[in-house]
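From first to last, the protein sequence lines are chains B and V. Numbering-wise, the first sequence is residues 1 to 111 according to my numbering. Numbering-wise, the second sequence is residues 1 to 446 according to my numbering.
Hints are not guaranteed to be accurate.
Some chain B residues judged to face chain V by a derived CB distance under 10 angstroms, without partners named [to be verified]: (1) ALA11; (2) LEU13; (3) LYS16; (4) GLN27; (5) LYS43; (6) GLU55; (7) GLY58; (8) ARG73; (9) ARG74.
Since the hints were made in silico from the structure, they are not lab data. What you are looking at is a predicted structure, and each value in this text was computed from that prediction instead of being measured. Here a beta-carbon is modelled for each residue, glycine too, at the ideal position from N, C-alpha and C.
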Amino acid sequence: MDKTLLSGSTALLVLKLLEEGDKYGYQMIEELRRRSDDTFSLKAGTLYPLLHSLEQKGYITAWEENSDSARPRRYYHLTDAGKAQLAEKETEWRTYAGAMLRVLEGGACLA
Amino acid sequence: MPERFTVYLVEVGQAIRWRRARSFALRELRTHLIEQKECFQNEGMEEQAAEEAAIREMGEPEMVGKELDAVHRPREQWLWLGAAALLSCAAVFLRFYLTAGFAFESPQPGKVVTALLLGFTAMVGLYFLDYRILTRHTGKIYAAAVLLGLLTWEFGPHVNHAAWYTRQVVLLYPVVYAIWVNKFRGKGWQGFFLAVLGGFPLALIACMAPYMMGLFLLFGTGLVLLLLAAREDFFGIGRRQTALGAAGCALAVAAPAWYFGSNGWMLRHVSMLLHPEKDPLGYGYQAISVRNMLSGAVWQGAASVGPEYGEQTYEYIVPEWSGDFFLTTIACKLGWVFFILTALVLLLLFGWLLRRALGERNPFGRILAVGAVLPLLVETVGGIIQNLGYFVVSFPIPFFSGNLNMILTMALLGLLLSTMRQGDLPEEQEGAPRRRWRMVLTLVEE
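Make the full structure from the sequences, and use the hints.
Laid out in structure tokens, this is it:
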């Protein structure tokens, strides 16, 4: 699949995954891959800068699990601001996707 | 860690320009690489192939590093640093200008220049300090603060039965207490009570000084810090429980203090706030002299001295006119416009910085920043009120009340701005493999 199709929606997908519960980076990549039948294959090198950027914007927070100090996992948690952002982006995306589908399927035309 | 991963992470690290962001960013990538490798091995790959595949999945190291670099940049606070520097210079200028001709009150140029230099050095040094390292030395910092208080009390000069240097040390106690409180994060009720108990030795030194204003600042800031801790369930005992515990402890401390204090010192001072005329030549003298002088102040220019003072001039009427009552001096020598302007600048500066401090994302950064700026704001508000003739205890005016006070103010601002500069960095985690990471970082440096 063309990667550019995914690039604009990565933040939305990440926020959506975190809506269901706190997750760490590796878990998110695997979950995304599994739920999209390997369609969305996110590079870790893309995910972490995005996570840190969302954290700076206050949409997510992070906490570290130190049960195995040699391999500390950093879990991400969706904040209230993140939930609001997710709702907004989800609405935007549904509107966009609906319109795209209608055009592709040759449906209603307002012109 | 496999050599291949180290080399990869070193390449990523080289693209991240801010050193302090490296260790945290690389640690997360490292965990990811190890987990990814194990996953590939579970799927049947050989170790070497699994490592190579994990690296491939991560992406080009330079690109990954550049993306992380773009996210992690220090938030420089040049504007605030400049404002603090400018304000300290303006304060020094006013102190010279308004005390000219009064040799005993006028600051000594050599001492002022030294104080300015020390203040700048402290402010800039603390600004660039990685404030997060303070969490590693909590015990030492606390012990040093207590020891310094005791040493200055024992060996420092006592003026009017007060240990002068101890009073200055006490002004740093709110910040020391903030560092102390942070030590007990997530430690439950035991941690909460230890955090509260840590305030007592500091309060005791404030009482020994004696410095009621310092005690009040420590008590007030400590309570605010504990309530802030409650907001985010800092100790892990529940928000409401923390808030109730903090309020209960505050009441348990304040009630007996008020009861015993109300028999003498405190009652006299509070009654003087409302009716200084009851003791015009004793406790009420300062307030009355300030009010009388201000009654002759004009919008712009020097105040006229009332006939009741005969030939006396302002400088001989208002005690402490070149120190804690310098704002009154500004009003009486330059006019109300300059008084209002100075008060507004101080209020806006510390008010805005407190707002920023409360918005800090990093929990330690937040309580440290609040511990640094809240006392400065309270001093400013208290100072303005006392300089209007409503006097209970003497508040120093940040930047204006002497050389040492200026140094302390600038140092506290440096610490505060350091938390803002590094606001996007997470805290150092306990148990993080520092030594091994130093090794990787050393490779990055090379």
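Exercise. Could you check the structure against the hints above and give me the numbers of any it violates, in ascending order?
Key: 1, 2 and 3
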